[in-house]
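Take the sequences, apply the hints, and build the full model.
2 protein chains.
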Amino acid sequence: MDLSATAIATPNIALIKYWGKEDEKLIIPKNSSISITLDESLSTKTSVLFSSSLKEDIFYINGEKQDLSNNEVKERFNIINMLRQEANVNEHVAVVSENNFPTAAGLASSASGISAMVFAASKALSLNKSLFELGIIARQGSGSSCRSLAGGFVKWEKGSRKDGLDSSIRQIAPSSHWPEIIDIIAIASKSKKKIPSRSGMKQTVETSILYKARPEYAEEACISMEKAILSKDFESLALLTMRDSNNMHALMLDTWPPIIYLNQTSLEIIGEIQNLNQSMGKLVAAYTFDAGPNAHIITTKEHEKEIRNILEGIDGVESIISAGIGNGPRLLGEKDSIIEKYIKL
Amino acid sequence: MDLSATAIATPNIALIKYWGKEDEKLIIPKNSSISITLDESLSTKTSVLFSSSLKEDIFYINGEKQDLSNNEVKERFNIINMLRQEANVNEHVAVVSENNFPTAAGLASSASGISAMVFAASKALSLNKSLFELGIIARQGSGSSCRSLAGGFVKWEKGSRKDGLDSSIRQIAPSSHWPEIIDIIAIASKSKKKIPSRSGMKQTVETSILYKARPEYAEEACISMEKAILSKDFESLALLTMRDSNNMHALMLDTWPPIIYLNQTSLEIIGEIQNLNQSMGKLVAAYTFDAGPNAHIITTKEHEKEIRNILEGIDGVESIISAGIGNGPRLLGEKDSIIEKYIKL
Chain V
219 MDLSATAIAT
229 PNIALIKYWG
239 KEDEKLIIPK
249 NSSISITLDE
259 SLSTKTSVLF
269 SSSLKEDIFY
279 INGEKQDLSN
289 NEVKERFNII
299 NMLRQEANVN
309 EHVAVVSENN
319 FPTAAGLASS
329 ASGISAMVFA
339 ASKALSLNKS
349 LFELGIIARQ
359 GSGSSCRSLA
369 GGFVKWEKGS
379 RKDGLDSSIR
389 QIAPSSHWPE
399 IIDIIAIASK
409 SKKKIPSRSG
419 MKQTVETSIL
429 YKARPEYAEE
439 ACISMEKAIL
449 SKDFESLALL
459 TMRDSNNMHA
469 LMLDTWPPII
479 YLNQTSLEII
489 GEIQNLNQSM
499 GKLVAAYTFD
509 AGPNAHIITT
519 KEHEKEIRNI
529 LEGIDGVESI
539 ISAGIGNGPR
549 LLGEKDSIIE
559 KYIKL
Chain H
219 MDLSATAIAT
229 PNIALIKYWG
239 KEDEKLIIPK
249 NSSISITLDE
259 SLSTKTSVLF
269 SSSLKEDIFY
279 INGEKQDLSN
289 NEVKERFNII
299 NMLRQEANVN
309 EHVAVVSENN
319 FPTAAGLASS
329 ASGISAMVFA
339 ASKALSLNKS
349 LFELGIIARQ
359 GSGSSCRSLA
369 GGFVKWEKGS
379 RKDGLDSSIR
389 QIAPSSHWPE
399 IIDIIAIASK
409 SKKKIPSRSG
419 MKQTVETSIL
429 YKARPEYAEE
439 ACISMEKAIL
449 SKDFESLALL
459 TMRDSNNMHA
469 LMLDTWPPII
479 YLNQTSLEII
489 GEIQNLNQSM
499 GKLVAAYTFD
509 AGPNAHIITT
519 KEHEKEIRNI
529 LEGIDGVESI
539 ISAGIGNGPR
549 LLGEKDSIIE
559 KYIKL
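Line by line, the protein sequences give chains V and H.
Start counting the first sequence at 219; every next residue gets the next number (this note's numbering).
Start counting the second sequence at 219; every next residue gets the next number (this note's numbering).
Hints in this document: simulated from the structure, not taken from any laboratory.
Take these hints with a grain of salt, some might be off.
To be verified - Incomplete in silico selection of chain H near chain V, CB under 8 angstroms:
#1 L471
#2 P476
#3 Q482
For every residue, glycine included, the Cβ atom is placed at its ideal position computed from N, Cα and C.
Dropping the structure here:
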């Protein structure tokens, strides 16, 4: 009996960041977070096949066979085991994943990868799961990946239950609510990031002197951000976005040993976006940085050309990608499966 | 009647930083701070002359005539007016100051300049002032300058009085207590800093979300630092120093608009010092940054050569200066006056 499915999912860019867990095991965050799910300008396609013709579990990312005894890989792959067990399926599984963008350079490849994997696997196993249930599973692989399970503007609620069952995602508004919003991504380094987010945020919670001041502020920032999104108030969105990015990177610097993801190119981009906003007399663009040096410039379509020009003039910007707001993951047909590209059955 | 004196003073490098005022007018800090007063490898020489042959007040820094109607200059020069008034002197004054290092690039030229000025002026006016009284005056010109009035390891106590009269400096230990300590300074940019400390720290206190977590921590850090100094525990001194530098720069990043003094060279120095400490299996050096990109590497003489070699290999390091621990300001003789270099009487 062969069970298979192929899904496509996209990264999300957090406007209010997730950086710190309340519960390490259940992956309950210290504060709620809000993100934009990007369109398929950046995407991960994942095919999943449970088949008795497989002699072992196999996992490929971008053509590279993953070592399933590696702890980091194991953590992610464990999602598949959870779903397989729930569906009472005993077959081995092949998971094959392809990104159309650089992996693990702070471009949230884990978010699109894991949401595509959860989406495809639960479909292959005919598990009829709600978005809410999928989110709880996805965040076991990578916390912020759960936000990629919905399209548009998405909030991951911290929740208040000890068991984390109300820490769930919710769509604030679909992409059609504010389709003018775009994310212009400036790749400032294609190298793999040095400190993985999971261990980085743990270090911050454990050692940062200033961290205790974040959760309450971030919770309030989420409320303000939701209002800004619903009322399409770009200036409020921009200010909250930049301040939260600064806040998170400040806490990283205050961590011991310090975590420094930003580089000179990132710092220059911050300066140039400040200059642009100042020269316009209002906020027309916001920078935000995840756990890497690449800048995400949140703006509206009318400013795209101008901002691309600015970014092109900055030393160290290796490439620029624009993405709109997307609709979340979707299933593809059987003919779109990429299993046979890598695995001879 | 001519009243004159010449003094030499040196910068100090804070191990636990001053960044934020409790009282803007009295210059009472939000937290106590601790610094090392450097030796005369870096120094400011200042001559002061009150004379009836002067037709106006004149102020030179490094050969450049200062505009006494400029607010920043006025603030500093006001110290002279306070002292002149107290001494009941009506003559005009000439103040001439020379640094042997780049001005206002985060090398605390204001600290050595102001402490030399206060020291020379109070001597010229025969005001018999205690260190404590001099400190209260000096900090009107630049808060951290008061720490340069004593030698060795110096604490500026926050104090608890509303009028700031117990916010004073105190020598923790003289330079002879731990003469092996040196500060290796890597100049990462000779350009004048963009945001003056005075307005920068005000912005931080007013806008940083995380700032509220600093004062209590910094107060405790001062207590731990004093213990580390008294017991010559270099590893504790190094850890406290690096963490406090990171903490202050984190708060600067969390300020709106963000204050970013560190550049790529600074970040690389941080990384290299971390590597060195890791390879040694213990902390043998600590980086610390004031309001600028230049690194101060606090270490002991035995590691000087090694660290200079490391710094020389870092892109963007323009020059390297080593300084030991100094003894605070001192008076020079009449023949050392530099007044006539600039002013024809």
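Tested hints:
Hint on L471 (chain H) holds. Least Cβ distance to chain V is approximately 4 angstroms, under the 8 angstroms limit. Against a cut-off of 8 angstroms between C-beta atoms, the interface hint on P476 (chain H) holds, since the closest Cβ of chain V lies about 5 angstroms away. A hinted interface residue such as Q482 (chain H) counts as satisfied when its beta carbon comes closer than 8 angstroms to some beta carbon of chain V; here the least separation is about 3 angstroms, so the hint holds.
Violation of the numbered hints given earlier is absent; every hint is satisfied by the structure.
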